[in-house]
Each structure stands twice: as C-alpha cells, then as structure tokens.
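Dock chain B against the given chain A, drawing on the hints supplied.
For the protein sequence lines, the chains are A and B, in the order given.
The first sequence begins at 1 in the UniProt record's numbering and counts up by one.
The second sequence begins at 1 in the UniProt record's numbering and counts up by one.
Any given hint could be a false lead.
Coverage of chain B stretches by chain A, computed from C-beta distances (three or more under 8 Å per stretch; other residues unrestricted) [claimed, not checked]: (1) 293–306; (2) 414–426.
Using 27 Å as the maximum straight-line C-alpha spacing, the simulated DSSO-like pairs for lysine-lysine come out as follows [stated by the list, open to error]: (3) B:K368 x A:K762; (4) B:K321 x A:K73; (5) B:K402 x A:K762; (6) B:K395 x A:K81; (7) A:K764 x B:K395; (8) B:K368 x B:K295.
Rather than coming from a laboratory, the hints here were simulated on the basis of the structure.
Built from N, CA and C at the ideal position, the CB exists for glycine as well.
Residue strings, one per chain:
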Amino acid sequence: MENTNKRYWRGLEELRNDEKFVKDAASEFAAEPTESQYESLIDGVGTHRRDFLKVLGFGMAAVSLAACEAPVKKAIPYINKPEGEFPTIANWYATTYAENGDYASILVKTREGRPVKIEPNSLSKISAGTSARAQASLLGLYDNEKLRGPKKGEDTKVSWETVDKEITQQLTQIAGNGGAIRILSQTILSPSTKSVIADFTSKYPTTTHVVYDANSSSAILKGNEISFGKAVLPSYDFGKAKVIVGIEADFLGTWITPDTYSKQYGETRALGSGKDGKKEMSRHYQFEAGLSVTGSNADYRSAIKPSQVGLVVGSLYKKVAAKLGGASISAPSIEIPNLDKAANDLIAAKGQALVVSGVNDPAVQVVVNALNSLLGSYGTTINLDKPANYRQGSDIAMNQFIDDVKGGKIAGVILLGANPVYDHPRGSELAAALPKVQFSVSFNDRADETSSLMKYICPAPHYLESWNDAEPLAGSFSLVQPTISHIFSTRQAQESLLKWAGQPSDYHEYVKAYWRKNIFSLGAGGDFEAFWVKSLHDGVFDSNSTAIASGATFAGDINAASASIAKTYKAASTGIELVLFENVGIGNGATANNPWLQELPEPVTKACWDNHACVSQKTATDLGLAQGDVVKVESKGKSVEVPVIIQPGQANGTVSIAIGFGREKAGKSANGVGKNVYPFATSIGGYLSFLPGEVVISKTGDTREIAQTQTHNTVMNRKSVLQETVLSHFQKDPQAGRFIPKIPTSEGTVDATDLTLWNGHKYKNHSWGMVIDLNTCFGCGACVVSCQAENNVPVVGRQEVINSREMHWIRIDRYYSSDADVEDLRGLEIASENPEVTFQPMLCQHCNNAPCETVCPVLATTHSSEGLNQMTYNRCVGTRYCANNCPYKVRRFNWFKYFDNDNFDYNFNNDLGKMVINPDVTVRSRGVIEKCSMCVHRIQEAKLTAKKERRRIVDGEVNVACASACSTGAITFGDMNDPESRISKILEEEREGRAFHMLEEINVRPQLSYLTKVRNKDVTAKPAEAKEHA
Amino acid sequence: MNISFRMNAEFRSYLSYSRILFTIAVALLLNVQNLAFAQDSTATAAAAPAGGGDAAKGETLFKNNCAQCHAVTDERVVGPGLKGVSSRHDFAWLAKWVRNSQAVIASGDPYAVKIYNEYSKAQMTSFPNLSDDDIKGIFAYVDQAATAAAPAAAAGGGAVAAGGDAQGGGPSDLFVIVLVALVLVMILVLGVLLVIVSLLSKAVNGDESEVAGKKDFMTNLSNSLKRISMDPAIRSATLWIFVLLVLKATLDGAYSVGVQQGYAPKQPISFSHKLHAGEYKIDCNYCHTGVNRGKSAHIPSANICMNCHGVIKKESPEIQKIYTSIENNQPIEWVRVHNLPDLAYFNHAQHVNVGGLECQSCHGEVEKMEVIQQRSSLTMGWCIDCHRKTEVNTKDNQYYDKLVQLHASESKEALKVADIGGLECSKCHY
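Next comes chain B alone, as it looks inside the complex:
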C-alpha cells in the first residue's frame, strides 16, 4: 500500500497508535471470509458430545458409507434409522455389527436376528476396514446430528445432497455481502462512539487543545482519528481495500458460475445406483451401453430396465412409472446431472475404453449413491490437471507404440497425456 506519510513530527507519536487501529480494521475485514469458511465445521465440532469420537470425521464416513441406507433420525430408509442407537447398544456390539453384521446374526444374537428379519433379511454391507475410532466418530456424528436434525426433520431427504457444496466455490455471495455490510456498520458505530467520547471529553476539559499532550488521551485520540479520517491516503486505501474485497468476492462468484459440483437433482424416478451398482453389482456397462463405444455413455432406454423389471418388483410405484412411460410412449425425462458446456467435447470411449479409467475416477463412488450426484467439478482446470498427471494407457495398444519409443528416447519420465498433446485446444474444442 502506497501511503505517503506527510504528517508533522508533532503527530508522529500518534502514528504507531493509529497504525495499530488501522491494522486491526484491515485484519477484521480480511478475516471475514475465513470466518465464514470456518462456520460450518466449528459449529458442528462445538456441538459434539464430549465422550464420543471425532464427529467431523464421522460425518464424512457416515455420508460416504452409511447415509444411503440409514438416516440419523428414526426414519426408515433402507435400513433402520439410527437415532439413539448408541444408547441402545454398547460400543463393542455396534463395532462388531458394523464390521460384519452377518457374523452377529449367525451367532444367534436375539436383537440382531430380530432386526434382520424385520428388514426382510436384507444384508447390510460389511465394513471390516473401519477402525474403532472411525466407528466411534460415526456414532458421535449420529448422536449429534440426531439432536440437531430433530427440529428440521420435516424437511427430510436433503441430507445427502447438501454435502458437496462445502468443498466447492466458497460461501454464497449474499453471505459475504451481508458480513461485509455488518463489519462496515460496526466500524461506523465505532467511529460514532469515538466521536461522542471525544466530544464529551472536550466538554469536560474545555478548549485546551494547545496544551494537548499525552495527559489528555481522549482528546488526542479524537484529534488523531479526525486527522486520520481526513487523510486522503488512508481514505483511498480504505476505499481500495473495499473495492478489492468486492472484486475478489465477485471473481470467486464468477469462477463458480456453472460449476455444479454436488448437484444432485431429484429425478423423475428415484433410481438408486447404490442398490443396482452397489448391492447387486450390476456392471456400469450393462445399462450405460455407449461408454466403450462413443461420446455418450447413454442413459439407458426403458427396454434395458425391462430386461429385469419385466419380472422383478413390477408392483413398485417407481417401477410402475417405467411401465406408464412405455404404455404412453412417453420417454422418461431424466434430469441431466453432468453438464459440460457445448463448446467442450468429451468422449467416454476415449477415457474408458482407450484410457482404461474407472467410472469412479470422475463420477465418484456411484455405487454408493442413492441419488446420483456430480462429484467432480468438471471445470477445465480439473480436466487439465488430470491430463498433466495421468499416464497414457499404452499397454497392448499399437497406436501408441511409436510414441512410447520416441518418448523413451527423450525422457525418463512416464508418458503422460500432456506429452501427446492432451493439453492442446483442439483436442476438446472444435
């Protein structure tokens, strides 16, 4: 900051003081965003019951592994609601159940058998890899969330979807603006208060400004504040800081335009990937027939659904929607989750067939998603980043033979996508 000090020696003594004030103001302003970021996690952490594990970690684990089947309330999803579960069972039992529920049932534990039968003998996925701490964390989160969720339970359903935003583009614009406005109001109030104080002190001391010194703190303070507020350098600096902050907020906002990370819209049929891909382990290719062939992975046509649902679960109201669609000759209008802008060309076959990538690399753990959600940001930076890091799948592919040879003669590094033109514009834009 280019503040020119044109003050008289007389006032130099006040300088250090005013500088401190100034720094505090700036720091306050700059911290607004950090505070805003911190809000979610601190709030939840603070509410965690003292005895349990790390609820924050537990939340992540819960959302990734459990939320598809269990609610934190007593609502039934696929499995039972978990509200108050840690008070019903001791930790050892719970841990055993989580790691291998079938073993508990096989051991003849009456409660386990009861639950098993009650939920039409649906097996719960085993999580043998979770540590004690992890499991403690999960239940800490469940307890804490159950209390928090109780009043808001009516809203329901949205718990899964909300998760993604936190890692996204930061807090909303409105939030930042409100905070900035609040800070400004606070500064104004502070200023007014200081003015009042100085006026009062003037009234008490009379007009003795000539002998003002360190003895008369309040007068000096008010004078120096006045001067500071009149100083064009300080004024312009404040203005600049304000402008820069607004600019930064705008830019952040602009960068997140069109980025739909975490987007998990409600679909016309509540199709569960968790059930199909996760539990029944149906191969992605079975429905997404285009993934090895071409640009689009294909949203399966209704006749693919009918391969199984011609027999299975015909009576379910969700499946009935497919029947209705076929009868009325009206295709199902799914909501597109992964949207690339028209100017970008992406081809599934290149990545899956040729590159040998797993679907999960970009789509996240689809097999665990009840409602399909956009896990990756799908920004150009995200694409480029991967192209820089990823090695080309050259194995048994004659197309790359010459390239591999040439590369090996020039470099010891592995052949990355970026090395064969993977960062060039017209690979994706034409």
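In isolation and in its complexed conformation, chain A is listed as follows:
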C-alpha cells in the first residue's frame, strides 16, 4: 500500500497550508455573503430575523391572492404539424461542427424544432467524442448579441436587397478597374465552400483567397513540403505508437484535433486486470515549458525553456541518428532530463514510435520529420497519403495580405469568419489600414473587432442553421444540415457570395450538386438520391479510397534546418521567456462570448473567467511575486497586466499566458475578460511564433483574486482519494496501488467494507452505475460542459466562482503528487517544480449508504430502487445539511436565482438564451441543493422506450451526458444488474484488480467505481526509510 502514502495536493495553497486554504477546508461553505457585499443582489441573503414576519405575512397574502385565480395557460398546437415532428419527442439530426478548422461529427437533439444538445456521432471514423468547445457551440446558436440582420456602416435597418445591389455594383466596379479583392478566412474544411469561392473568383477574377490560422500550424505544412514535397498536414495515429514524444505539442488539449488524438492515445493507455486483459501501454515523454494537459498525462515530463526547444528536437535527433545511422547534424546538443531515455525508448520502439512538435518553425518540423523518418513512423503512425485539412493557413500569405492592405494595394476585403484585428499579432496595423480600403464586407455574426471596421456586415447564421459540408481528412466527408430555421434575418456567406457572383443562391442545392458531381463518384454508385439521403442521415461519408499508409522517403535538407535551429535557439538564457498557449475551453478566442466556456476551469490551473501569467515557484520567488499579484509583462513596446498564478511544473524562467482572452467586441460574457496577448506573438522567418522570447515582468502593486476552483471542495483530508501505481507493479499484481482499508475489531482486522450499520438496498430491476478509468481520463473538461448543457446548470460568473459557488455537477479534480515521502521536505520541494498530475472526475457517487440521505430533515434526498440517489428540488428547504455531510463535496447550493436575474446576465437572462434549456430537466430555483442525477431523465426515457416496445433495455441504449461526450470512453455507464452490459464486464474483470470506490474506509458503498491510474514509469529504487513509512 505504499502509494497511499504518496503525498497529493490540490494546489500550492494546500502544500503551503495557506491561512485561507486551511480556513476554507474546515468549513463546508466558504464565507456566507455579507450584506454590504450583496446589497445590490436579490433579496433574501440579508434577511433579518425581524423581517421574517413581514415575509411570512406577504407570503400569506400572496398565497391567498394566488388562490383567487390561477393564471390561464395556453396550449398552442401547430397549424400544420410537420410530418415526423412530435411535440415533446426529440428528433436527432446528424451534422458537423467545423469552426476554424476544429472538426467534430455530431448529432443534434432538437425538441419542438430547437436544438438542445450536441452529442458525438458514433458513425464517424474520424472524430471521437466532442470537445468542450463543440459542446458549447450549441449556446453560440442562442447568443443574444448577434446581429439581427445586415448592417451598413452604423445602419442596421438596411435591407438585403439594398446591400446586395450596392455590393454587386462595387464589386463589378472594382473588378472592372482591376482592383484586388481578397477573401480572408481561417481554415475552411468545406469543399463546396471552396467551390463557391472559386465561382466567385471566376466572376471577379481579381479575387484571391487568403487563409490563415490564429494558432498556426503553417510550419508543419512547410516542413512536409521541404521533407517530402507535399505541403500537407499528415494524419497521425497515436493509437499505433508505443513510444510517444511530444515537444511543445498539447495534442490532448489543443493541438490540431485533440479529440481524435485523445481517443487514439487513450487506446494505448487502456489496461485490463483480467487474465487476458491488456497489460501493455504506451510510454509518453513530454518536453514543454508550461504544464499542459498533455504534459500532465505524460509518464515523463521535462520542463524546458522555449529558447531550448529547437535544440531539444535536434539533440533527440542526434541521439537517435547516432544509433540508427541517420545523417548527423551540426546543431549544438543540450542535456535535458529524460532526453536520453526518450531516445533509447524511441529506438527500441522503431516502427511504433511517434514524435510530434507544435513549434511553428519549419526548421524544427524538418528535423522532427527526419526523426520520424528514421524511426519508421511514416506508414505506421504518420500517414501522408490521407492528409488532414484541419490547418491550411499560410502565415506568409497572411503577412503579405497585411502588407498589401497597408500599402493600399487592396480595393476589396471580404471577411469569411475571421477576426484578424483581434487574433493576429499585426491586428493593430490592420485595424489602422482596413478603414481605408475602398470596399469591405464581413460575414461574421456580430460587429466584432474586425467586422466593426468593415463597410458592410452581412451576418451569416450559426452552423446549426446552415447547409454545408466538410472534408476533415482527404476522402472523408461529412455534411452540415440545418437543425433550426434561421433565427434572425441572416444569410449564409456562401449564398451571399453566389448571389454577388450572379449565380443561383440556394446553397442547399449547391452542396447537393457539388456532391453529385464530385463525391458521389467516390462511393459505391447506385442512386444519387439514396446516396444523398443516406449521407445526410449518417452525417458522414467515407470514400472507398482508404489510402493504405505508405512509407515516405525523407528528402529534406536537414543541414540547412540544423543551421537554422543553431541560429534561432540557444541552450541557456537568463531572461524570462514568454509562452503563449491555447486554453482548452476558450481556444483561439473566436467563441469567447460563451459563458459555458468562460466558466469551464482550465484543466491544469483550474482557473476560469480570466487569463493569467503562470510562473514557477522559483521564478516567483526570484521576482518577489505571490499568487494574485498583478504583473506587467512587457516586450518590444507591448505590455499587458495580468494576475500571477504560481504553477508547479512551469519551467523556471518562463511565463505562460493564454490566448483567446481580452476580447473587446465579442459580447457581454467575453468583453474585458482577461487580456489579449496575441500582439506578443512574433514571427520566425515569417512563421507565427507563440514562443516570442524574452519579456520583462514587473509588479504593479495591484492584486486580483483568481477564480480557481480546485481548492474549493475539500475532501476532508482523507489520504486515499487517489490510487495509482506503475505499469511494472500492475503487471505483477493487478491490485497494485490499491488501498484496501482495514479496521481492527474484537474479532480481528476486517475490511472496512465488511462493517456496516446499514441494511443496504436491493435492486430488483436496474442498478445504474458508472466506472471511471483514471488511466484514460486526460482532464479535458468536455464532460463538464456536456453536463452543463444537459442539466441546465447555471453560469454563476467570476465573482461567484471566487466565492466557491460554481454550480457544475461534475468537476475534474486535478491533483499534484510526487514520489517523495510526506515527511521528506526536500523531496516535496523538488516535486513542486515538476509534479506528477492526476485528473479525477468527481460527481455524485450515488452512495448506497448515503450520508446525505440520513441528514435531510425533509426527505428531499432519498434512495431509489435503481441505485440512484435522488434529489427532489421541490421538497428541499435548503438546510444544506446534505452538502455538509457529503464526503465527496458534490452537492451544490443555489445561493441565488440564476435565471431572469440581471446580476447573472448570462444565457438564462434572455429569452433567446433560454432556448438552450433542456425541457426535460427542471430549472432549479434559489435555495435548493442540486447535484448529479445520473441523467435520470435519460434513464426514464430509455426505460419507457423499452417498455413501449415490450422488451428489456439493451446496454448502450442509454448513456449519461458526461460519458457520451468523452472522447476516450473513460466513463462507462450502465446497468450493473445486466450481466451482459459493458459495465458489468468491466467490473467483473476489475473487481479483483484496479476497481476501487473512493474513500472506501467510510464504507458508503457508491454506485460509482474508479480504476487505478497506472503510469508507465520505471520503478526507481526508493530510499529505504521511505518504504518504512508505507
């Protein structure tokens, strides 16, 4: 049981025993709101005892008034009910989330004609699960701050006809004079849209399409062009890799298409305790400056400075090349912990190895390619023959575009879903030059930073209102179909372009015709209509040309690359270096006006509603900084002021700040939240670099509280919360790392679970439960947003998060740990430099011996005959005893009425935003406790479907929102009474293996089980005395 003595901490506050942490840890609820603090907030909080009678009197009067006449409610049927549409019965449509190169094939649940939930499309072979952003894109549909119709200058009353007439006139004039027209967009996955642009170009031949990406991968395309003569983004298969090395590539969090990579990576991490269970897993090395989601899950992680990153790649190449006989390079070597080990493992796993780097420098990418080529990755883990289209932007073309606009060479700019004034480092130059352009039009849905500078805005509808298609990987297609009619007077960008090009503007017909002409032939043939209907139904279509990955011969100039690296990077630097990174929720900031994403805690820092300067403890000490200090970060005349987070694992001498914040014209939820750090990005040989080099950090003297959730919910100081082991121990004993609590009694020592005061429950029908595999949970947070959407969880805002009152029903606990012993103070100090990280999803455990149920004075929380811990809001009187008594701290109290309340001006405070509400789940009111219901409404619905069809429920028919969103399948939900269900099979295999209940020693017998975390690390001999403590 040595692992149970491993020291875990949730944040430095705990490690240091901060005064505030200790205080909060002892009390269930953080300080109650004071009257002055909430004077402006709704009544109730400051109720005096003497107000009681007043309220009582008013209540009586209100009740008697209410009794006089019940309000008349209307029942309004359709005039002409659409076929297949049944009120209160959901319809599902397959469509595609494709925004700025992010891709997910999805199913959209609609109720009474409005989309209410997004789920992954299991028919897709490409996308897996849905990211937090894909889930939250639903709320984007109901964003109240979008334009209601076309806009000319400041005139929002202008009609489409007028706009069309004027624009066509101007375009004709410009093209007639030979003036240059530019269509500017981020990556477009849609072949039909590209065809529309081509049609437009043939009408106005001076048009050029410029593509850029806010978080660019331009150098990978360039690197592959240099190396293999193909300027493509290859498709990676992490699932085939035994050894994975990531160098500044957050492929589980934000790099290119993290959901797909997570799924593949998850397959290599899954284990089974049974006799035939999988006992091997991949080994993952990560070299990075800031602690990313990917780094958190790595078996070995080394913190490096950004200025070293090229040399790390070079040195790794040299080490591998030395053994495998590759060409030698001249770049200086660098010694980094674990680098030798990584090289040796890579060599041993030749043909099953993968090295990826997110550094946007072609020289680095060429060396990475050479390395992968040496390792035989091409044709196995990397496929150049089925290129991915997720990132097509060209930094060079974008820079040229900005130069041209500045030089007055452009007569017309058409903005197709891009916002470069905000998300490009040269945005301010563009902002100054754009108004001088003769003609400009934007298709963005709001007057954002760039669009507000345009002459016209012709707002395009949300993708859930649109027709479109996508080609994420060459030869794999998917369709976008509308799931709701246009909410506002908007028109698809493609239709506008077609109209201005003088073509028939029905884009639905256009996509269909495009598919008939170009995609139908790739299929099995037959009838096109049938093919079209099937493709629409499935949402995806894979052409038969499933290219078998072939090896590729590296033909790049590695010496030139090496020379470039030697010039750009250096082994040691003294200054503080800046790292810009993408936040998992907010992404590049395009959809920042989404309160769900703003409130999603960043997986590692667990902070939300802000971006921060993450520095290591050592750097903070050197600079005299404390958490929450507002610092000024300066570089080359640019500066931002952001609060400091002390981040274990951050490389010393570096500071990480997330992009995507500091929007100015996005809407209420995003404006002024955090600071925009895009201007800090620099360029290396014309390629956008998020590793911009040295900055100066100075204290401003201000402090700012950080909305950080991790330390909010105490787990009562228990020692056995997490259970983990290493692979070699697991191979010997599947129960390795398990903590089996024993209790001494008069009859000897017994298992804690053998002692009970309770009678237990008998589940005759179903016994719903979940198993959560800590080995395949990477902490991305998609489940949190999925749950929020499904269960009408309110958004509470920054101040309430600071007050520890976030409402999420599921949270991902992030623990830091080290191998050092609890009393080994020196060891702990080292650990906080680069700790191991474990993520643990935490939600209601649905205890059979539920501590909450026994303390409720009004029986508002009770146990069901199917294993659920039920919460009945209409019975709850808000004593909060249950939350106090919950050992897992998963119960949430509604301190306020979060709907129709101007103090919480998010989606629940406007009619459009409320359309997202799931009609099957109650919107809770002030003063009641709520918590995970295990999606009981879904269970009930599935049971009813089965009963209507006179059969039992089939496993997999019902899934909970969190589990369905998970791309790795870390959460398995099902009926434990059904011996054929997946959960039963997992538990059968793992019961004597990795499965454990959290806090087993208190014997609350949860319906939820966890599987131990296993790291693929070598066992280092521990000092003998450390073992004695175990």
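Just chain B, lined up with the frame of chain A:
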C-alpha cells in the same frame, strides 16, 4: 384543553352551568363549517317537489348524462329544453323515450316523430340502464331547477361548469370568514344582552350580592359570566380556538391553491367532445396523436381538423374559425385545462401505451363533456393514491418479466406500481 380550575368552592355550583354555555359556544363555532358544507344540498333538497323522485340524485344523473344536450329551461341546446316536460307527458312515456327514443319514434307516436323531425333527425342517446327511480329523480330535478333557474336564466351556459366545485376544497375562504365574523358578532350581542339583563336585575334587587344564591338567578348568572370572561384560562382557550379555526381555514385554502378540479374554461372554439368522441365515437388517438408516443398527448393541429372539416360543416361559424386561423397562419390558442406544475413530469405514453389505462381514468367521461373539464384533482396525493392501488400491466411485456417473477417469489399480492418504485421521487421530479 388545558383549563386549570382555580375557582373557589363557592362558585363550583355555577361551574356546570357555565360549562354548558361554553360547550354550546364551541359547538356553534365548530359547526360553522359543517353548516356551510350542508348549505347547497339542503337548499336544493328542500325545494324539491314532494311528488317526484330524489332530485339530488337526479341532479348528478342529469349533469352526467343529459346536460350536454338538454337545458333545464326551454332553451334549445342540441336537443329541446326540458322545462315543463313532466307536465307535457306522463311518466311512462317519458321513461320509454329516455330508455329507447328510437323505439318510440318507430312506434309512430306522433309527438315523437314531430320532435325527431324538428331536430333534424338527430338521435338521442339511449339510456336503457336507468331505473324508474333514476328517471323520476332526473325529472324531479328538471322541474325544480327549471323554477330556480328561471330568474337566473340570462346568465346561462354555466350550469355544466359549476358542478365540479362541490367535491373540491370546500367553501371559499371569504364565506368562512364572513360566517366566523357573524358568529362572533352574535356572541358579542349575547354578551351585551346578558350584561344589560344583569344590570337591570341589579337595579331591581339593589346591592345584595352577599346573600346572592340560587334564588337570584340573574345576578348569579351575571357574576359568573363576569368571572368567566375575566378568567385567563377561558380567555386563552377562546383565543386558541379562534386561532386554530383561522389556521384550519387557511390550511384548507392553501391545500386547494392551484388545484383546479372542475376547471372548464371557455375555449376559443366551442369544440364539443361529446359530439366528436361521444356521438361520432372518434377514437381519442385520432386527434391526440401523441398519447401513445410521448409525454404530451398533443392538442391536435388544425390540419387534423381539416381531415374532416375540409368537407363537413364548413359553413359553421365555429369551423370557420379554424379556416380563419389557417388563412392567417395564426395558430388556435386553446386554453390549457389540465395543468401540472413544471416540477412534475408526467408522460402519457407510460400510462396509456404501457400501463393500458383508459383516457377516462384520469380525464373523466370526456365523451360526455360538451365543454372539456378537469375532472380529477391532479394533486400529488391523487397520483400516489393511484400508484398504490393500481396493478402493473405486465401482460406480454418482457420488460416486467423478471420483476414479476421476483415479486411472485416474495409476495402473494399482485404487483402494484408502488412495488416497482412508483412512489419514488425521481420518477416524476427531476
């Protein structure tokens, strides 16, 4: 009641007397409600003509069976108004007509044929099951109601709707308050009268209180009343009774908040379920298409109406309303009759499709309702009660097979909804 008797022996003799008075007062107070309840029925019963049947029973029968087509006045509804019908025909004829009007018409009875033709040969539903007493009762009610309704006839139309309330939450709050106030005033007046009497008797007898005994009844009475009224125990008891009564009335009122049993609002189109479901026997499912599929039974969309009314009765002003709605693309805004609170989840398919319940189990005899009315209280107690009593419809449903087996091994009782979690909170609240 915790009244402590701290009186002197001297006054003990008066005790029994005052106790009686006290009891009467209490009884009077407590009876207020019962009196209020009784009001409706006694009033109607008293007015019943001596010769006829049981008018009270007749009223129920009439409202359930006849009122959809016949008024008690001479107003035409679907059929003729029934005012004075028992004087126009003898009982034997009437009984024959009620049990099988077609037979009477077929027998060539001139009046019957005349009526039949006058009402465009619409057949009256036959009621072969009604006994002589029932029919007598119905006509007794008609006669009595016709006289009573005459002055109020102008109000019209509301006769059907009013019925439901009597079984509901009791008399209105205002009514109770007024009664309580009246009783209090009466007690006050009584008190004042007693005081006057005692003063008068004092004036007559002079100040001879020392020798007051049984001889001087009035003086003793006044003294004892004075003492009683001064006694804190009695005072607090009275106060408590008053408070408790008000409390009970409030609670009763509170329990009936939101309970809309008997609610029969006027609809934008006077659609008759009696005609469609009753006479033409159109299946409920034909219009309420969701009842077997999902949560809502569905209020039919206008295109369902048009299936028939595209041809039938197009000229009727009520049907024209549907046409107008379609032409203007303005949906018909029906008034919702059955309202559950948002916190309760109810699913029609579970009850109708799976449970095999008849619509009438909850909605009452819709096929006899001219104006749709909420028959059941729709309170949680009502739901739970049914879940306790109702057996699960497990026949030919594999879903329940295992449950039935398990239950049979443990119990001899039938498998009730309550046995499979039908009383659990999150079956309806989530």
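* To do: List in ascending order the numbers of the hints, as given earlier, that are violated by the structure.
  => 3 and 6
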